[in-house]
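Trainee: One-letter residues, chain by chain:
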Amino acid sequence: MARVAIDRLSKTFPPPTKGGDPVVAIGDISLDVEGNVFVSIVGPSGCGKSTLLNILSGVETPTRGSASVTEGDRPAHLGYVFQDARLLPWRTVMDNMMYVRDDGDAGAAKAALYLDMVGLSHTHDMFPGQLSGGMQQRVGIARAFSVEPDLLLMDEPFSHLDAITARSLRDHLQELWSATRKTVLFVTHDVVEAVQLSDRIIVLAPGGRIFDDITIDLPPRSPRQKPLVSRRGWPLRASGRRGPPPPSRGTRRR
Amino acid sequence: MTAAPVAIPEAPTPPGGVRRWLNSPVGAQVTAAVVFIGAWQLLTLIAPRVPGPIEVMQFLFVEITGGSHGGIVRGQFFEHFAITLQRFSLGLFFGFVSGLLVGILIGSSTLARALLNDTVLVLLTMPAFVWAFLTTMWFGITWQAPVLTVAFASFPFVAINVAQGVRAIAPELRHMSTAFEVGRWKHFRHLTVPAVAGYIFAGLRFAIIIGWNGILLSEWFSGQAGVGFRTRYWFDANRYRGFVGWVIVFIVFIVLVDRVILNRLQARAFRWRDQKEVDFIEIQEQQVGL
Ligand SMILES: Nc1ncnc2c1ncn2[C@@H]1O[C@H](COP(=O)(O)OP(=O)(O)OP(=O)(O)O)[C@@H](O)[C@H]1O
Ligand SMILES: [Mg+2]
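So the sequence lines, in the order shown, correspond to chains A and B.
For the first sequence, the working numbering begins at 1 and goes up steadily by one.
For the second sequence, the working numbering begins at 1 and goes up steadily by one.
Everything labelled a hint here was simulated from the structure, so no lab data went into it.
Any given hint could turn out to be false.
Stated by the list, open to error - Here are some of the chain B residues that sit facing chain A, going by a computed Cβ distance under 7 angstroms:
1. M176
2. H190
3. P194
4. D258
Claimed, not checked - What follows is a list of derived Cβ distance ranges for each label pair:
5. B:T178 <-> A:D73: 18 to 28 angstroms
6. B:G27 <-> A:S159: 25 to 35 angstroms
7. B:R271 <-> A:H160: 22 to 32 angstroms
8. A:G46 <-> B:Q164: 23 to 33 angstroms
Since this is a predicted model, take the numbers as computed values, not measurements.
Cβ coordinates follow ideal geometry from the N, Cα and C atoms, glycine included.
Please take these sequences and the hints and turn them into a complete structure.
Mentor: Below, the structure is given as structure tokens:
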């Protein structure tokens, strides 16, 4: 069970033009995520969602505050699904899967297993350029799951894809998640997607602050039991019996 | 107003015999060679001191087979060629490896860039003959002079190209490596090197050409053996067919290295990029098969 502890984190980038103002990507965020939960992070473009994931994965360093991802008392092991597939174009699909692992043949079996789970067992020896965008993205998802991470970071993994491909990948993701129950931080623009997939939704506002933190308390989900969203934007059960949740439904923190 | 009639382009007629011959790779090469030799022959009519192609071929035959050039001078080809090749490979190895390392340093670290970039640029502007002179001054008539000439002359071309390639590596891929905690050596081998491969080849091509120039000059000035030495030998003996013959030898050598070795290596390194078309068909076949 991974634990994400973010304490008064901020990240400021230098001004894009000389004499301009520095860009505040994240302004003072505190957040705790623990256990095998699926947490979505939504918010408008530029509010620091990707930056947050990049800090958690060690690609960026915080300006102030701290962020740590631990598994027990050791640093957690991460998987990352990016907006684009980010495969090495000069390596085959299988070699791309092996690129992120340190083990030999045992790892190959595992990599093959996860490729199979996203329906790509026939592509082992192909180069990414020979796959469609959706297939490449599936390799990216398989790669992230195959390292069996303690924490899985996903940054708008479906936003580059057409609606039908996105839906089928979402189903793949739900199946993988139900099978593995990782701790997931999932960035999206799409509120419906967030509601469908998550146990908890964190809403960021421009300037990189937490605007809302909603816990969704629906029965265990499966691809065939998708919650609906009412006109007012509240989640409903597929049966439609559940009305808009009363304010106390969500645990809010501001 | 009526719209102007739109001309519908006609399907291009298939090229006729001569055009097709010229468009085929072999046809183009053979034609170019024939034209070149014809022009050369014509030149000998205008300038009688220029040795003609047949004369030169006869010379090369004697030189390569070790026959007699008339009198006591015998053909010596392989001894000189082998010596030059050894020195060339050694020098190129040093120049290439150091160029690769320095290029990667400059490309990946701003400090290294600040320290080394200008130095490499200065080296880049040095003509090969400067190295040939300098190394002869330093080492005299020894094997080190030609080897170091090749190394010095080729090094900056590799370094500059590789540095540029490293700087062009997509930051997204580097982020991916960091996020998955990929080790340094793996990152170097599977990300840096393939990403920079095109630049490495460009650098290597320059390095070979410049290095080859360098070794000929060095041997010309200070050699006791080698291709450059032998070329000068014939030049000093006023035997221009010998001189031209050896010039042809080094041109042919460079072309062969380029075509046979470099092109194959490059095709291998870029398999991932060039395979596309064929394999889309394969994918379709596989999907039909499923
Ligand atoms: N490497 C960087 N250098 C400078 N500024 C950056 C950098 N990365 C992000 N920013 C700035 O930080 C802010 C937040 O960027 P970020 O990519 O985290 O937004 P986001 O919420 O992921 O947006 P989107 O939904 O469009 O992906 C933006 O204003 C962006 O311009
Ligand atoms: Mg983003």
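Trainee: Work down the list of hints and note, for each, if the structure agrees.
Mentor: Each hint, compared with the structure:
1. The beta carbon of M176 of chain B comes within 4 angstroms of a beta carbon in chain A, closer than 7 angstroms, and the hint placing it at the interface holds.
2. Look at H190 of chain B: its Cβ gets to within about 6 angstroms of chain A, closer than 7 angstroms, so that hint holds up.
3. The beta carbon of P194 of chain B comes within 4 angstroms of a beta carbon in chain A, closer than 7 angstroms, and the hint placing it at the interface holds.
4. For D258 of chain B, the interface hint is violated, since its Cβ never comes within 7 angstroms of a Cβ in chain A; the closest pair sits about 23 angstroms apart.
5. At roughly 23 angstroms, the beta carbons of T178 of chain B and D73 of chain A sit within the given window of 18 to 28 angstroms.
6. Against the hinted window of 25 to 35 angstroms, the Cβ-Cβ separation of G27 of chain B and S159 of chain A comes to about 51 angstroms, which falls outside the hint.
7. Between R271 of chain B and H160 of chain A the beta carbon distance is about 26 angstroms. The supplied range of 22 to 32 angstroms therefore holds.
8. Between G46 of chain A and Q164 of chain B the CB atoms are about 32 angstroms apart, so this pair conforms to the stated range of 23 to 33 angstroms.
Hint check: violations occur at hints 4, 6; the rest are consistent with the structure.
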